[in-house]
Structures are given as C-alpha cells and as structure tokens.
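Peer 1: So the protein lines, in turn, are chains A and B.
For the first sequence, counting from 1, position 355 maps to 355 in UniProt numbering; every step adds exactly one.
For the second sequence, counting from 1, position 319 maps to 319 in UniProt numbering; every step adds exactly one.
Calculated directly from the structure, the hints in this document are not laboratory data.
Treat the hints with care, since some could be wrong.
Stated by the list, open to error - Distance condition first, Cα-Cα at most 27 Å in a straight line; then the derived BS3-like pairs of lysine-lysine:
no., chain 1, residue 1, chain 2, residue 2
1, A, K353, A, K132
2, A, K176, A, K36
3, B, K54, A, K440
4, A, K353, A, K162
5, A, K90, B, K314
6, A, K346, A, K176
7, A, K247, A, K296
8, B, K316, A, K90
9, B, K314, A, K91
10, A, K306, A, K346
11, A, K231, B, K68
12, A, K306, A, K353
13, A, K303, A, K231
14, A, K225, A, K384
15, A, K276, A, K247
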Amino acid sequence: MDSKIKLRSRTAAALTLAAGALLTGCAGGSQAPAAKDDGQPIEVWARAGTDAATTYAAMFKEFTAATGVQVNFQGVPDLDQQLQTRAASKKLPDIVINDSAALGNYTSQGYLQTIDKSAVAGGGTIAESLWKETQGLDGATYGVPFSRQTMVTMIRKDWREKLGLPVPTTQEELAKLATAFATQDPDGNGQADTYGMAVPGSTERGYLGWWASSYLWQDGGAYLKDEGDGKYSASASGAQQGVTWIKQQFCTPGNTQPGALTAATSVASPFFQTGKTGIILTGPYNFSSFDASLGKDKYEVIKTPKGTEDNTVLAEGENIYVTATNGKQDQTRQVIDFLVSAEGQKAGMTAGKQPVVRVPVNSDVDAAAVYNDPRWAVVQDALKNSSRSFPSAINFVPIKQAAAEALNKIVSDCGADNVASGLKDLDAAIDNELAGQNAKS
Amino acid sequence: MTSTPTKPTQPVSAQAPPRPHGPVPRRRVRGNRSQLLAIWLFLVPAALLGLYFKSIPMAEGIRLSFFKVQPFLGDVFVGVDNYLAVLTDARFMEALGHTVILGATQTLGALVVGFLLALLLEGQARSLWILRTTIFLPVVTALAVVGEIWRILYFPTADGPLNSILGWLGLGPLQFLNGTDTALWSIAVVGIWSGAPYNMVIILAGLTGVDRSLYESAGVDGATIWQRLRYITLPALRPSLVIVLTLAAIRSLRSFTEVYVLTGGGPAGSTEVWMTRMYSLGFQRNDIGVASAAAVLLLVVTLLLTVGTQVLAKRKAAR
C-alpha cells in the first residue's frame, strides 16, 4: 500500500468513528422521561403468543364497541426484550399486561407509575390479598391484578385405574404412583417405556426452581422469608425435607422422565402429552393442548397431594401495569375499569381459543361456571385456599435461577449426601442477591 | 492468509517502474485522484453496512461494558466494576474452564477427524464426490437442528438410539447429556461431528496443492506411508492447518447453540460455557453491563489467540 493511501484510509477511519459516535448518540442523564399524550390511540402490550393475542384482540374489540375508545393492541411473545428497546427510545407503550412477577424488575427500572387503587371502579371486587401482590418495595401500588392461576397436578386416569391404584392424597402416594407407572407397564404395550412424572429439571430460565417451589412449601420449606417492610432473608436451609423428597424422585429410576435434569418445559410436557409419563404438575393453560392430544377423558386434574405440612401450590398471574410515559389518564382509567369488570374478565376467558384471564380476579365471576368445566373449580379452589406466590416486589428471577442451579446440583448427584450443604450454598447465593437488590433484612 | 516460504510472484508495487525524480506530472495526480475516488465510491456501500451492523454495535458493546445499563432511567458509569464482577464470579471461572476443555477437545478432534477424512476422500472419482457432499452435510445444517437430533440420539435409556448400539456391544446404557461426568464430552462429540467436515474441505484444498512428484520420488526412495505423511503432506499443509486451527479455536470459544440446545448449561452447571453464562446474565437477568464486559473479554481473548497463532505460524514459516 502506498503511504498516501494509508494516510487517507487512516483519516477515513477516524471520520467513520466520529460519525459512528454521532449516529449512536450519547445516552446521558438519569432522569425518567416525562409522561405525554401524543393524541394516538392508547397502546397496550401483552406477553402473548398468537392464540392469546387473538383473545386479547377480541376482548379489546368489545371494549372499543362499549366505550368508543380506540386501542392499539400488540401481542408480544418476547415482551421484556422489546420493552428494553422501547425503553431505550424513552417511549414505552402506555399499558403493559405481564406476569405479576415482573413488578420488581419494572419498578427497579423506573418503568411504572403508581396506581390509586381507590380510583379503580370494581377495585373492591378484587381480593385484598391480590392487591398486596402489586405493592412495590416502597409500599405503593404499581399494578392492577388481571388474572390468576395455580399449578395443578394432572394424572393419567386410565393408567391409574388399570393398575387399580387410588387417587394420591399425599406426596408419598404420589411417589408410589410414579414408580408404579414406571414399572408396571400401564399402557400395556409390553415395553418398559413409561415413566412417572414429567419434570422440567433444567436450570434454563430457572425452571427447576419454579417447579420445585410447590413441593418445598408443602413440606414447610421456602426459598425466602418475608421479614416485612420490603425486606427478605434466605431460608432455603429449612427446606431439607421437601428437597429430599424431590431428590428421591430424580434418583428413583423411572419416577421422572429420562433426561429430566436438562429438560425445559418445552421438552418435559411432550412426555405427558404423548403418553410417556403419567403425572405432571403444570399450569391450567395446558388443558386445551392436552385435551386435543390425549383426550379429555384420559387424564384427571386432582386436588394437589399433601406434604407433611399442607397442599400449597404455586400461584402466578398477570397484572396490568401503567407505564411512566403514559399521559392518557382518561383512556387508561377506562381500559383498566373494563379489564377488571365482570364483562371484561369474562371476555378474557371466552373471547378466543386460549383464555387470557385464567381464574378471574373479580370475585363476582365464577371460573368453573364460565368455562362450564369442573377442572377449573380445582384451580379456583386451590387459588383461594392453598396457594402461595413468589414475592413480586423484588426481582425474583435471579433467585429462581439460583434455586434452580442449586437444586439441579443436589439432585444430579444421587450418591452424595448433599442436601444440607447444597441448601446452605443456596442461602448464601440468595442473601447475596437480596443484598444486591437492597432487599436484605 | 499466511505466506508460503517460496513466493512465486512479487508484490505489484515492487514490479512497477521506479518513479522518476522531481515533481510528478499533473495528469498523473489527477488520474490518481479519480482512481482513488472510484475506489472509495465502490467501498462506500460495504463500508456503510459494516459500520452500521458491525462497528457501531461493537463500539456500543464496549461502551455498555463500563455502565450499569438501565435504558429508561439512563445508564450509570461504573468504571471497571462490570469487569471485576465477571473476573471474580466463580461461575464465570467454572464456565471458562469448561470453555477451554470443550474448545481444545473440539478443535483437536475436528482437526484430526477432518484430516483423516480428507486423506480418505481425496480424489476425482464421482463416488468420492458424492461421499464428500454427504459428509459435508452437517456443516450446512442449522446447529439448532443438529442439537435436537443429537438430543434424540443421546436419549439416556437403554432403548435410546446410541444406547441400543452400545447395548449390542454389551455396554451402557450411558447417561450422555444427563450425567455430570459425560455431558461435556457428549457435547464435544457433536461439535467434532459438525466441525470436522468443514476442516476436511479446507485440508482437501490444501492437499491438491501438494506436488505429486514428491510422493513418487519418495516412493522410489522407499519412504513408508508414515514418512510420506510426516515429511511431505504435513509440511505442505501448514498454511491450511493454521487457518483450520485459528478458525476452529475461535469457533469453539464462542460455542453457544449446541450447548444451549443440548443441555442449557446443565446438569449441575457441568456444561456451562462462557457464552451461555453471558446469555443468561444479559437476557435472563437483564444485566446487560456485566454481559457486555464478558463479551469484550471474549473479544480480547479471541484477538490474542488469532494474532498469536498467526505470529507463531509466520515465525515457523520464516525458519
């Protein structure tokens, strides 16, 4: 290369870099942008795949017909990533409908406005316990409950009856049933190709921590202890009994499906769906797909078997969040009032193929009656009497992840006596994370 | 590309007639200028694309690695805190160990297998051409698909495809991806399976450049096959091998898809590599700053490795 060209290319490179810096711009300041009304229809985002998005769209169509307020609705499967992009451009969608567990993350990022719950028409039909789940670390309300659900235990009824076994009522009986499904050829094909439980034992997205939480609670354990005033402390060491039971399932051949240690839900659920396992603990949103593949008469939704304490199951749900850049107060109020009203909640349950309101938060609406399906009564009953949810004021995702990693380590080494030591490590990890979030007592 | 010891041609500029002393004629300068302009004009589209899709994101990534990233509230400068967080994180260090083991195994395995394949499949016959194409297929198959297929092959019960073959030999059943001791090696095998054919092609190209007469004279002198391989084939292949090694090392360091699809980093974190750790921090925990710092560190290591290999190869070639 001749020296002149070299010099020119250097200049060009320098110019390019300078231009790059200009184009990218410098994101500065640490002040949240102000709320503004741009005169466009109110923009609502929800975490939803195609089926759920159709339901939302139908629901908002009813809303527009009733109120004349236009809604620009988007169903976004990877909602949190897309929100980040919009956050970078300082213009969030006006309303976001997402997991109740997202609250801690959203408040820490400054995404949300506080909500005056007394101004929500029909706010009184929502149980006080649900409102409590929408409080941030500062005690203010940052969301409106929209839908709730619990995990449910589903069992292959035909297999169980063929082997002449009763509906399990305790963890012990559940484990026995799992072993029977694995060893007594319940599908009668003469091959040992059936297993007990379909378990998402992967650490991916914290699946194992999510799945295991119900069994831990049933035996009196928990990942966290709520110390009040928005402070928490790790308490996994007290969950030895539940974890021991879980480890037994992983370490008894056949009680869980092969490859459970690395299975996400997308890998685990098909084992139940295709008749390879006979037990699954999962959300009621799977009813429609299991009905289609297995048949409604082939499996039963049972009251969750009891541990040594009780039969607590994990409750989850969705909230309506109002973002910090939302300047459309009137329309926002109308949208929220409709979504939690009896008509809105019913529309969310029945307007499309997949319900987006699973169990209604509005106490005037009866899920089992609306769905005309007694299985939903099981969910509704569990939600009311024996459910518990992860704390939503803090960012629970890292804690769920830490729990999944610790449990995965414990159950993958069947020969070792590692339950106590593994849970002690988990406590340290959780306390560390809580301290990072300023939520350690 | 590395230069070979005997250069057939000299660089163009050296062959150009020496420039006469004194001021350069005007017309030459103008001609040069318009030529330069043309060069730059042709470069602009590619340069702009590169700028927007490579340079700016890269610069942005480096910038983010020094910030606590919160796009809505505004990023906060934290100096080298993110780097410290990565370097003091025990799980990152564990992941580094796995990455190195996986990288070394995959690189060497794919090199040896690729070399053997190339030796076996060198030639002009039509049947060889078909065989080569078949063997090359894993390279053009999406890695996610490859992962799902191997997940099925590795099914950890006695009736899993691979385990039933082992069963005929009286072995197994092995846990493969489900066992903490076997998972990493199982992933390495998938990497070798999908990486070796790529190396084969590069080595095949290198093999065609070997002077046939050398083999003949070696044959006349009574050299064994091993001696021919050691003293003729391998030295002639050095440039190809350097490329293969460099590419494979880089590819192995940033292996993500196969691990993510096959095990998601489990069981018990035994297959977590640098990239999966980075991914879970960045996109599952939303800790973009720390994830960016990890990415920059990976970039630096890759750069050092590449330059290192090139320097070593040049020094060897010069000797």
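Peer 1: Compare the structure with each hint and give your call.
Peer 2: Right, here's what the structure says about each hint:
no.: 1; hint: K353(A) x K132(A); result: violated (31 Å)
no.: 2; hint: K176(A) x K36(A); result: violated (60 Å)
no.: 3; hint: K54(B) x K440(A); result: violated (41 Å)
no.: 4; hint: K353(A) x K162(A); result: violated (33 Å)
no.: 5; hint: K90(A) x K314(B); result: violated (51 Å)
no.: 6; hint: K346(A) x K176(A); result: violated (40 Å)
no.: 7; hint: K247(A) x K296(A); result: violated (31 Å)
no.: 8; hint: K316(B) x K90(A); result: violated (55 Å)
no.: 9; hint: K314(B) x K91(A); result: violated (53 Å)
no.: 10; hint: K306(A) x K346(A); result: violated (32 Å)
no.: 11; hint: K231(A) x K68(B); result: holds (23 Å)
no.: 12; hint: K306(A) x K353(A); result: violated (33 Å)
no.: 13; hint: K303(A) x K231(A); result: violated (33 Å)
no.: 14; hint: K225(A) x K384(A); result: holds (21 Å)
no.: 15; hint: K276(A) x K247(A); result: holds (21 Å)
This entry does not satisfy hints 1, 2, 3, 4, 5, 6, 7, 8, 9, 10, 12, 13, going by the numbered hints stated previously.
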